[in-house]
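Chains as they are written, first to last, in this note's numbering: chain Z, 756 to 1088; chain F, 756 to 1088; chain X, 756 to 1088; chain D, 756 to 1088.
Since the hints were made in silico from the structure, they are not lab data. Because the structure is a prediction, the values reported are computed rather than measured. Where hints are given, some of them may not hold.
Intra- or inter-copy, both count: the list cannot distinguish identical chains.
To be verified - Below are the DSS-like pairs computed for lysine-lysine, each with C-alpha atoms no more than 25 Å apart in a straight line: (1) Lys-898 <-> Lys-834; (2) Lys-949 <-> Lys-898; (3) Lys-907 <-> Lys-809; (4) Lys-898 <-> Lys-953.
If you want the building blocks of each chain, they are given just below.
Number of protein chains: 4
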Amino acid sequence: MIAVLKHGTTPDQTQHLIDWLKRMNLDVHVSEGQEITILGLIGDTSRVDMELLKSLEIVETVKRVSEPFKQANRKFHPKDTIIEVGNVRIGGGYFAVIAGPCSVESEEQIIEVATAVKESGAEILRGGAFKPRTSPYAFQGMKGEGIKLLLKAKKATGLPIITELMNINDLDLFADVDIIQIGARNMQNFDLLKEIGKSKTPVLLKRGLANTFQELLMSAEYIMSEGNENVILCERGIRTFETYTRNTLDLSAVPALHELSHLPVVIDPSHATGKIKLIPSMAVAATAAGADGIMVEVHNNPACALCDGAQSLTPAQFDDLNRRIRRVREAIL
Amino acid sequence: MIAVLKHGTTPDQTQHLIDWLKRMNLDVHVSEGQEITILGLIGDTSRVDMELLKSLEIVETVKRVSEPFKQANRKFHPKDTIIEVGNVRIGGGYFAVIAGPCSVESEEQIIEVATAVKESGAEILRGGAFKPRTSPYAFQGMKGEGIKLLLKAKKATGLPIITELMNINDLDLFADVDIIQIGARNMQNFDLLKEIGKSKTPVLLKRGLANTFQELLMSAEYIMSEGNENVILCERGIRTFETYTRNTLDLSAVPALHELSHLPVVIDPSHATGKIKLIPSMAVAATAAGADGIMVEVHNNPACALCDGAQSLTPAQFDDLNRRIRRVREAIL
Amino acid sequence: MIAVLKHGTTPDQTQHLIDWLKRMNLDVHVSEGQEITILGLIGDTSRVDMELLKSLEIVETVKRVSEPFKQANRKFHPKDTIIEVGNVRIGGGYFAVIAGPCSVESEEQIIEVATAVKESGAEILRGGAFKPRTSPYAFQGMKGEGIKLLLKAKKATGLPIITELMNINDLDLFADVDIIQIGARNMQNFDLLKEIGKSKTPVLLKRGLANTFQELLMSAEYIMSEGNENVILCERGIRTFETYTRNTLDLSAVPALHELSHLPVVIDPSHATGKIKLIPSMAVAATAAGADGIMVEVHNNPACALCDGAQSLTPAQFDDLNRRIRRVREAIL
Amino acid sequence: MIAVLKHGTTPDQTQHLIDWLKRMNLDVHVSEGQEITILGLIGDTSRVDMELLKSLEIVETVKRVSEPFKQANRKFHPKDTIIEVGNVRIGGGYFAVIAGPCSVESEEQIIEVATAVKESGAEILRGGAFKPRTSPYAFQGMKGEGIKLLLKAKKATGLPIITELMNINDLDLFADVDIIQIGARNMQNFDLLKEIGKSKTPVLLKRGLANTFQELLMSAEYIMSEGNENVILCERGIRTFETYTRNTLDLSAVPALHELSHLPVVIDPSHATGKIKLIPSMAVAATAAGADGIMVEVHNNPACALCDGAQSLTPAQFDDLNRRIRRVREAIL
């Protein structure tokens, strides 16, 4: 349920109403826009007398919010959320390209790739230190050592870094990580979401292999309900019957999630398609669709990559793609 | 299997080789490009002595084609196929927008919509006369009368027309239709495909609800194997677990089908998403992906449409979308 | 909408009411059970005054039927439908096993398989004469000749026959076929369904690769709406992301369709799984689930079958499976 | 790769070979059957000279194992694995029914349900203490308190208990739990799997919403690779396009997983179908398919259940179902 307050309501009046609502055991989220202020109510709103609330002098209108997600809901928060990492912004008109290798493999590799993508125009560096592998016998990532190397690359290039967290017990290693990624296979690891919600670090939340838009937003809700409102949604392909592509990239996620939520939406065409020949077209299409960011895998030597070589672009290919992305970004503004 | 002939081979030499291959009970398809000529062999190629073939003076190289589709295969036909209807071209660099109502409902409606979309810049008019409805109790279309009205609109505006054929016994009514559409639910109606392959009219073949790229190309192969090479492939969303959208639009179909085949690829974001708010973003994304055409539903009064009103754009909305599409088309060239 | 008539209502009274309803432009379907008679109304029932109808002396109760399928709906027809072919019955407590090769390949083959499955206990013989092949270059079936051979096998063994019809223009060849099969890929070939609805021959309607229970029942509705009420529903696996099996057999179709409809439900575990090692378990599971019939592929020499050899049982394997099926059928009664 | 040792090989000879293989940096798993002993090798087996190995006196044969799962692979371990909890066995001919409420709600509720299902014949009691809820605002379970109540019920009835673990940091609360359940949404929570692999408690591993058989077995492999070989696989429905059922129950999992692996397979028809009317049929079908166990939700007052009421059987319904299950179990032996 939301209560839209009239233009000109004073802070005191607003606070008075908030206190009254809280005494009814409701959580109250305040969204202050230029024009209007919205109070978003979470909890058992069935006991709220809507007519009474509407009749209050400072209340413009009251509406039920049927969607199970509240804090992630655009009705609770009409303005686009803008995530800030260092000098970079994502969302609300700000667009960013995230690039880097699937895994951090060595200091030489990560510095080389970071330098190359920085030069081409990427705003953020990605690299996996803890890798979710389907097989226990596959390379699991450089772990803590990998994060240290990412931080070296950050220092060398100035690029903020994003890397995946799989286990909350490793959180202390992520102190200097700019964006923490929650992988597709952990999108409904509810305990992990609650814990990461207690942190302040921005989170990039990947949609699960077969999770709906609503479930993705409910997982964002888990994070936000614990206090961390800095969530970036990421579509990375869903599982379907088609076997030519690794997954099926669902670009309708861009306008759909922008409609339902105020959180920024980033697209990962690398994991989605799994094939280099399809990535440029999809990255450009995602940009045209209105995505707030694109995340691609780039490796200086894909043939020797320890994982996902078949879907990693070379620095030269990335450079070309980045130009195409910016050109299309221009065309839609 | 394909045999690439050397530059400079004479027509006589080519014909001599073709005759020899035909005596081995193989079908031979000739693809003449500016640089090279490719002979595509269809049939039991296991009996062909590849080494012997390679050793012929006029043969540059011989390769096996593992994909089950041959005539639709880019290896058989490296050049993009360009479909011509009236003055309009689709494919090979030529881009077209197809617009019109889900169903033809009256002369007034179809003339009004045709005029409006023509003015906005659409190249082709669509309209359903024979409607595939899930329910036998729903409006089944104006049938023969609907086609007559489409022809009137064609006469009034000069727009070529595309409309769906569901039953081969109705084919004679389609004599003046420019492009015959085979609907998603008939993509594997093999008898219908074989019959339409005997016609010369260009066919727009919609991907089935849960058919793979390969199955789509095999259905195109059915049509082409009967002699009709004028096939346009159309992605219109596939069936997945997501319920927020009517289907899931699979834009990777654009680069994937362009990689595998020489046939033009058109995207239908209307049936794919089923929601007006998602259509513009997807139409623009499809354009950026490199589609050869976009097909959208436009109705002068969506609230009163006899079908698919929830996904039909008004003429004003279409006008705006067409501009955005052209701008992005520019940006990717 | 259904009107349940009171026990003791006379035929005259019933007819009087039917006439009144028909004057309101409604189709009326009468379902006479031992206890009650139900009038099922199809058409624009929004104009029916429910209160008025309920108030009539002979009317027990009136209810809206929200499902779009009416004639196929159990609310319209509470009693199980029993399909009769020769001495064989399917549905309403009667169970049948259908067995035979994927394709009719020769007189020797079909007579040999028919004799073997008859001896093992099969009630009906299947065999494809018109084959739906994904590739135009694959064996398309013996066609008319194949049907003649099936009829020879019928004559030799007394087994009723079922075979697939793909093109309505071939219907006259099916005059002596006991059950006409509509394949999964033609489940929404609406024109074909309407035509077959004009015939009286029982139809086995296969669920499409990605069609819902509701869509399957609407396709049955297409057939029934033209006058042919003898429809058998068949679940044969749906398309999912799992690649180990050819399709995913959805056995919940048995209780779900029995709940929603009065039509018999048959299971095809051969096309569903595509693997011999999985078929016996699934055939037995289907029987335990309460299916009205099981349809399996049996070939005298699977290694040499012209299609689907990998999923065809040998006569010996079928004999063993049939025993297991009957034992489980006993256990659930 | 597996090396099958000849009948009559002495323990010393076996150990000698194992040591030699370990010096090649391979993990060696020994599977001793009545007839043969199999050494399963895990690691970089490309360096193993197969011919040399085959030539050893005690080696019968050497085969490559192409599947990525090894310890879970039947080729490594031909005999069915039998899991023992208290006096109950699952697998290798032993069948068990697991029943209980979705959540533990109160001492009265869990004791009442446990007593009822025990009397009806259930072998194991289930009950959720930590609940994976899509919404952060939904009842999350009684947690530690819930486990205490389960232990009370165990004491009262003698039934072993199974309950879900979501967070490894809660493991110490599970000291007296007989089987630890890993939920569908955590099937690829790799860190959790590795941790639970270090415990000795049997684990019931649920297949993820859209995970393949192979991925399920790889997740079992994660657990086993850490030392815990007591894994029970559980199919609970996969996500598809069908909306009538909550998920689509994939019963082919029973024969498929029995073919690929030696681990027991249990079916959960409650979460799979989500509808009471479908559960009995599916539970019986699963039994007929050859499942090693069935797990159903039972609540003494479904209408008031804190979760999953719509799919919970009453004790009376469970009693009836249990009889039907045992009757069909008899029929397939």
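Results for each hint:
1. For a Cα distance limit of 25 Å, the shortest separation of Lys-898 from Lys-834 qualifies neither inside one copy, at 37 Å, nor across copies, at 38 Å.
2. For a Cα distance limit of 25 Å, the shortest separation of Lys-949 from Lys-898 qualifies both inside one copy, at 22 Å, and across copies, at 15 Å.
3. In the homo-oligomer, the alpha carbons of Lys-907 and Lys-809 never lie at most 25 Å apart, since the shortest distance is 56 Å inside one protomer and 50 Å across protomers.
4. Both within a single protomer and between protomers do Lys-898 and Lys-953 lie at most 25 Å apart by alpha-carbon distance, with minima of 22 Å and 20 Å respectively.
Against the hints set out earlier in the document, violations occur for numbers 1, 3.
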